[in-house]
Amino acid sequence: MIEFKGVSKNFGRTRALDAVDITFATGKITGLFGPNGAGKSTSLKLITGLNRPDRGEVLLDGRNPMDSKVDIAYLPEIDHLYPWMTIRQAASFVSDFYGDWDGERYKDLLGFLGLDDEMKIGKISKGQRAKTKLLLCTTRRSRYLLLDEPLSGIDILTREQIIQTLIRDFREGEQSIIISTHEISEIEGLVDEVVFLDRGRVRLQGDAEQLREERGMSLVEIMKEAFRDAN
Amino acid sequence: MQTSSWRRFSALYSKELRELRPEIVIVVAAAVLICVTMFVKSGTSERDLLVLPIVLLMGLAGFLPFVATFKLLGREWSSNTIYLIMSLPASGELILGAKLAALISQYLLGTLVVIASAVVWLYPHLPELVRSLNSMTGIDMQLAQFIPGIAIAYLLSLTWLFYLISASFLSQLISKLFTRFNGAITLIAFVIILMLGSWLMEISRSFINTSSSINIVGTDVVSGLQQAILFMGINSAIYFIAAGLIMMISILVYNYRIEL
Numbered sequence: 013m014i015e016f017k018g019v020s021k022n023f024g025r026t027r028a029l030d031a032v033d034i035t036f037a038t039g040k041i042t043g044l045f046g047p048n049g050a051g052k053s054t055s056l057k058l059i060t061g062l063n064r065p066d067r068g069e070v071l072l073d074g075r076n077p078m079d080s081k082v083d084i085a086y087l088p089e090i091d092h093l094y095p096w097m098t099i100r101q102a103a104s105f106v107s108d109f110y111g112d113w114d115g116e117r118y119k120d121l122l123g124f125l126g127l128d129d130e131m132k133i134g135k136i137s138k139g140q141r142a143k144t145k146l147l148l149c150t151t152r153r154s155r156y157l158l159l160d161e162p163l164s165g166i167d168i169l170t171r172e173q174i175i176q177t178l179i180r181d182f183r184e185g186e187q188s189i190i191i192s193t194h195e196i197s198e199i200e201g202l203v204d205e206v207v208f209l210d211r212g213r214v215r216l217q218g219d220a221e222q223l224r225e226e227r228g229m230s231l232v233e234i235m236k237e238a239f240r241d242a243n
Numbered sequence: 047m048q049t050s051s052w053r054r055f056s057a058l059y060s061k062e063l064r065e066l067r068p069e070i071v072i073v074v075a076a077a078v079l080i081c082v083t084m085f086v087k088s089g090t091s092e093r094d095l096l097v098l099p100i101v102l103l104m105g106l107a108g109f110l111p112f113v114a115t116f117k118l119l120g121r122e123w124s125s126n127t128i129y130l131i132m133s134l135p136a137s138g139e140l141i142l143g144a145k146l147a148a149l150i151s152q153y154l155l156g157t158l159v160v161i162a163s164a165v166v167w168l169y170p171h172l173p174e175l176v177r178s179l180n181s182m183t184g185i186d187m188q189l190a191q192f193i194p195g196i197a198i199a200y201l202l203s204l205t206w207l208f209y210l211i212s213a214s215f216l217s218q219l220i221s222k223l224f225t226r227f228n229g230a231i232t233l234i235a236f237v238i239i240l241m242l243g244s245w246l247m248e249i250s251r252s253f254i255n256t257s258s259s260i261n262i263v264g265t266d267v268v269s270g271l272q273q274a275i276l277f278m279g280i281n282s283a284i285y286f287i288a289a290g291l292i293m294m295i296s297i298l299v300y301n302y303r304i305e306l
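Heads up: the sequence lines are chains Z and X, in that order. Start counting the first sequence at 13; every next residue gets the next number (our numbering). Start counting the second sequence at 47; every next residue gets the next number (our numbering).
Everything labelled a hint here was simulated from the structure, so no lab data went into it. Heads up, a few of these hints could be off.
What the hints assert, rightly or not - DSSO-like, lysine-lysine: derived pairs with alpha carbons at most 27 Å apart: (1) K132(Z) <-> K117(X); (2) K138(Z) <-> K117(X); (3) K117(X) <-> K135(Z).
Turn these sequences into a full structure, and let the hints guide you.
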């Protein structure tokens with residue numbers, strides 16, 4: 013379980029998160045939704061230990077994020093891999109840090125995603141880079157998988173492959189996935205729980221199916237309504 | 047489950063060495079070219095002229111690792127690979143330690159290859175060189191007597207490099223605590239760290255009460271040489287301790303202050 017307890021984070025004069033309390037349940041897929049600047053990426057960076065809260069605390073199964081890095085697979089929105097590496101070199105580099113790296117799954121996923129591991133990362137397309145990042149995260153049997161805008165700027169076919177990969181490899185009840193995105197419609201059917209963030213505050217959170225049934229709307233419409241009310 | 051510290055360090059070290067490969071290849075290739083030219087031009091006066099490229103290459107081999115410190119650390123931010131590095135289960139000790147080890151390896155490899163080519167160049171001139179040294183000092187010296195001095199001078203250069211690398215790491219990390227003017231902050235921090243370091247080392251030297259004036263003239267050359275070795279040895283130790291302290295501060299800044 014991941015807990016945010018009264019977490020605030022500022023970047024200069026900009027308040028990215030404002031006394032946020034969130035609980036991400038274990039073994040579920042949570043959608044972290046909101047417009048640009050809502051605090052979604054900051055939330056993921058706080059879980060990964062790339063940022064530290066100014067106030068409050070973030071706990072992963074009661075532990076500090078800095079002590080839990082080995083349990084986290086993180087896919088940032090930006091390209092963070094070494095362009096001079098081939099996919100095989102990047103995989104070898106990452107595998108040296110994690111005991112949960114699954115070599116068989118790597119080969120399987122490589123074929124499923126249509127990648128050749130001799131491809132140089134600096135010379136492949138944006139879609140292939142997105143798939144490579146996903147490959148390096150999902151090859152691991154990590155406890156937490158954090159995806160920051162995994163579909164951003166990606167063509168429709170690649171999006172489909174990414175979503176299929178997530179569905180295929182999700183270990184329900186054992187692994188927790190948090191997907192941060194403002195493209196809700198793409199992953200609406202994938203998420204169990206949702207957290208709507210806006211300007212650093214939680215506008216709405218709960219079980220996705222329950223919210224849809226209660227309000228008789230899709231998650232996109234629920235988000236629009238929640239933000240309209242907040243404004 | 048985490049892999050062993052050694053495996054993680056090796057992965058980081060190999061990656062850093064790969065980043066430094068172009069500079070290493072340039073120095074080694076130039077040294078090989080000089081050696082080949084020496085053999086081709088052996089017995090001609092043109093061979094003697096090769097001393098200039100050897101001296102220049104030695105300077106380059108010594109200077110490049112220092113320049114590369116800014117490339118190795120700064121590029122992690124400019125290419126966003128810092129997101130990967132900081133999300134890995136690896137502490138500042140491993141990350142900065144691997145960078146330091148790669149830079150020291152680059153220095154060792156570059157300078158030793160150039161020293162080897164210098165020895166090849168010097169070999170035919172050795173008897174003549176020993177004769178002039180003996181006539182200058184007035185005593186009968188053997189070449190072997192200079193070897194400890196040369197070795198300790200090399201050790202001193204190595205600790206200087208360690209000191210400069212640590213200061214460079216710390217100044218770059220300090221600049222990352224600010225959102226703007228990173229380049230200017232790095233430069234200012236680097237100068238301040240060097241000034242503070244020099245000041246602390248001066249205090250240490252005066253505390254140890256080591257004479258900095260060495261008189262290598264006339265028949266006193268043997269004791270002068272011993273004095274020089276002692277002086278360089280003490281300086282190496284002082285630089286090593288100062289560099290170690292700066293490195294420790296850099297690791298603390300990386301572990302507890304750096305954010306993205």
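Comparing the hints with the structure gives:
no.	hint	in the structure
1	K132(Z) <-> K117(X)	21 Å, holds
2	K138(Z) <-> K117(X)	25 Å, holds
3	K117(X) <-> K135(Z)	22 Å, holds
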